[in-house]
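So the protein sequences, as listed, match chains U and G. Heads up: the first sequence begins at 52 in the numbering used here, then just goes up one per residue. Heads up: the second sequence begins at -5 in the numbering used here, then just goes up one per residue.
What the hints contain is simulated information worked out from the structure, not anything from laboratory work. Relax, there's no trap hidden among the hints.
A few chain U residues that face chain G, going by a derived Cβ cut-off under 8 Å, partial list only:
no., residue
1, 589
2, 593
3, 596
4, 600
5, 601
6, 886
7, 887
8, 890
9, 893
10, 894
11, 895
12, 896
13, 897
Since we're looking at a predicted model, the values are computed, not measured. No residue lacks a Cβ here, since even glycine has one placed at the ideal position from N, Cα and C.
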Amino acid sequence: MGSLWAAGMLLRRLGTEATTVVLLVVLVAATSFVFAVAPRLFNRVADEAIHHTLASAAPAQRNLSVGLAAALDPGEEGGVSGVRRAGEDVASKFPPSLRRVISAETLRVTATRFFVRDTAVGGIHFSLRYQDGLADATRLVAGRWPRDNGKPWPPAVRPGSGEQPGGKHPQPVTLEIAFSTIQADALGVKLGDRLPAIVDGSDPLIAGVPAGTLGGGGVRYQIVPTSFKVVGLYEPIDPDAEYWAGDASLLQIQLATLAQPEQYVAAYFPAESYPSIFSAGMPFRYEWRFVVDPQRVDAGQLDQLRNDVRGLDLFTGTSEFASFGVPVLRTGLVGVLDAFAAERARSEGILSMAAIGPFVVAAAAVGAVAILLVLRRRSSLLIARGRGASTRLVLGTELWEAVMLAGGASLIGFLAAGLVPARASPTSALLAFGVALTAVLLLLGATWPLARRNLGQGAREDAPILRVAPRRLVIEGTIVLIAVGGVVLLRQRGLSSQAAGSDALLLGVPVLSGLAAGIVAMRFFPIPVRLLGWLAARRRDLVPVLGLRSVARHGAAANLFLVVLLLTAAFVAFASVIVASLEQGQLVASYQVVGADYRIEQTATGSLAAVDATSIPGVEAAAFGHVESGADFMSVPTQRARVYLDAVDPAAYTAVAAGTPADPHWPSAFLADPPSAGLGTPDHPVPAILSWSLPTGSADLGPGDTFQMVVANTAVTFKVVARWGQVPGIGSPAAFVVAPYPWLEHVNPDATLYPSILWVRGSPGAAAPLAAEVQKQVAGTSRTTARYGVLDALRTAPFGAAITSGFGLAVLVAEIYLALTVIGALVLSSARRTRDLAYLRTLGVTAGQAVGLTVMEHAPAVLLAILPGIALGIGVGVLLEPSLGLGSFIGSSDVPPFVDWAALTGLTAILVGVVAVAIVAGTWLSRRARLTNALRVGED
Amino acid sequence: MPDSALIVCDNLVKIYKIANLEVVALQGLDLVVERGEFMALVGASGSGKSTLMNILGGLDTPSAGRAVVAGHDLGDMDSRERTIYRRQVIGFVWQQAARNLLPYLTARQNVELPMLLTGLSPGERNARATRLLEQVGLGERQDARPVQLSGGEQQRVAIAVALANQPEVLFADEPTGELDTTTAHEVFELMRTMNRELGVTIVVVTHDALVSEQVSRTIAIRDGRTSTETLRQRAVSDDGDHHVITEEYAVLDRVGRLQLPRAHVEALGLERRVRLALEEDHISVWPDRERGADANGDGSA
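Take the sequences, apply the hints, and build the full model.
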């Protein structure tokens, strides 16, 4: 009965404070929802990010490939059925977590390599390959797909063994094959050609066969007279399709070296021919490819998947085959997942910093409402204490009530967050609990002074705070000292720290800095205000005098307002620095990747000279250049070395890149006119910029030194004018040389150095006409890269976008809570303000002056909080930004701090606007009381 | 209406609407206050005296009737005119000492505040504030804040604030309600001095009969109307003793209505109807004939 009575009393009391209680419950529930839903949203982002990361990774990195050098029985069902079963055996060793994400399995079978001498172009190292799904990924251009002729190959024999392959009267065998049209053109073969082949003794597969297996190690084989008949020509439907997995062996040919132009090519044979070839008794290379479907992976499986892949009972190697008969796993999946995990942890760390701002401001808003609630029940609490209730009893009652209200509200918020469609996170419950705990502590904290107060002080409620208790000063001083220490420690720890995840120091320093700044501002704020008030008193205007004196003397509500505003301003500025740095980094990275707004590269032999970019609307400038990815670098005496040569027209490129992050600021020697004779000789060397890293064995070349390279079939002497770490638009070659194109064009009049690259400065609208011009002039042999697309890809990458939108959302939430806090603070002081204003109205203050007073009471606080807050936010942002590792989100090593003053001004204006609206709303709430009611004393 | 009247209320009506319920706070109140007078309005709680003060103070507007203070018709003024009226014509002293002053200003700054509104120069403000604070006996405590002053001192500062712009009328709503008897007496004495020396008309609202004895005229308000008026005169007897002669009058309104004192009504058991008889120099009031005959046979009032 007693409990029921107490519950009834509690409900009656809550009923009388319904508005404030509802406000508190809604605020706590909303805060709990915001913080409980954040981890779920982050999970959604993480899932999108892992899909994006896996989809962006090269197929060879993402997928699993198991290779085996062996001779596997074809099986009773013919074709490669026996090989498939072996693949199934391999797959059965995969743990469930891995099997779940594999969407397809494909097989490649490559026979021992052959050598064909009798061709128009010389020797061809000839691989025979069967690959699943080729017919689907290509279209047949001529002939038909190869078929098996049903004649098994006689066993191969050792040379010098006295045996004759195929017996005394060997019957020649013919194998039908198909080439790609590119291969056929390069080799000079036609449909119907027969290519006589012998076993290629240089094949590492044969050289690697262990002694005693298939006749011993390092053996050569002899086979019956064999020829490959070309029966079909095909071309790929999409050469960039994932099917090819970065392996173009069945599409193109490879050259061994420039000096020994032997060609390597793979021809397609049908699966049903496998038993025929197998009967020759030579080994094969098998490769089972397991395709990982990014959509089947979610970030929650990450650790399990990583551990399972690491723990696979397979030999893991980087080369295709380790030793005969031993399956070798090749995959970059662990590396991709590790990189993703690091990026996720870094994002979590950054986004947890983004959550600090709203959390602190939300706590202030809840605190304001808590104080409001306690003030409303002030008289009843004092009556209770006056009638014998102890401090403990009062606080105990308040505790239960706070737990009921805040706990219930927080639970509602948590459950509502569960309705948001995203993967659950245990962090949600922790954060919701944290919100509830904070709210309970704030409610108790608001009650504490009343519960502990000397009962005789009741009549002095309106006395302005004139002195601060020494104990409070000590606490505040300690916070300031700890904050300063935190900043010093953070700086000492080093800005290069690659902290990932939630870093206590990184998280704590901004909060402590904000609190310290708030405390300092709170304590020093009255000084300039009093000074202004003193100056204003020299004049005859009431508003500034009274407004400034009021601000200087009223503590509680003004302090809350001041500190929250300062913290919000600091957070807004901090968020602006982080987001601006990231976006600037993305912009710089896009220029680094492309080198201009557009880059057109020639992908085959030919010239881009016909492309007239400058006549296209929207194009401002264009610059031709010539690149060679493997130019001979002759300054390495003992071995052949290749470097990336970037011949660029300095003046034209400057026009393209001027004022952008790609602006190279060429050395003056680059802009000089080339001499008319002796160009590229030791007397007139070509100026060159060298990369910091040079081919192994190079002399250490510094400015003024010379070196030689082969350009246009001519040995050209270059003179180093600078050493650079990177040049926009050339990717990340290990070593590069940049030289002025106008000089190199004339080093050999007999060998034209055609333009193979074109940089264009133009608007996004120029993309379509530029593409049309390129298509018209160099159809099919060029590739266009638009910086806008690169930038868009960087900005829409899940984690980067999550950081940008996370901070944006955090700023929005913080500003909403700020508005609530300001309104709460004004309502807190409304009784005093209303009475003061009513009293002033009896003295003859006009309505306009009353509004002026309101403005004057708040304007100094807004100015004195926002300006230091912005400065603090910028300072903390610039201090911490290098520690956040933002570069990892844009593929860069570092992203320098960047302050976007225009954006910051806009955000500050929005902040001031929010405060102004909140002040208007709060003032309106405060002024609803009638003048006579506000002054009503005694009876009618 | 006499020419010397500073405040005139004629059939003043004020109706409030509270939660769809109309409350008639003033029901045709008539009042005349002479210039330089120091008088009191008394009445029980809910009688309408604070409503009257709000109207006379320009804080509220009448629903009907007329209220004129120092030539300002309070029913015809707009908001701006009322502001000027509050600023220059009247002064206010409220019951709660702490609410008469801004807590963050010193005594001097509080007194200077109304002068700031009229645009006085800093020098003039300073001189007048000093003079007023000295007049109220707080010349030494000019820089004290309200929280550092006693209740009586706060009310003294409040009187100085109310007189800062040299108003013609000072309204005081229960000015000694929170003070002890001695302090209350001192505050009244101060107001009397100000009335005498500065010539300011003072109207005090109170429900305390003892307070009303401090003034020369007391008007009682009952049910939104003036009911009785008490005049006090100091007289000197033949043996030289000072004494106060008090005479209580019933108030006859413009249409001839009269409120009988409650004590008289109760003493004679007057109910519902009375008989009136016009005599040569007075009017007799008799209880209802039938009921009166039944009661005592002689119904003379």
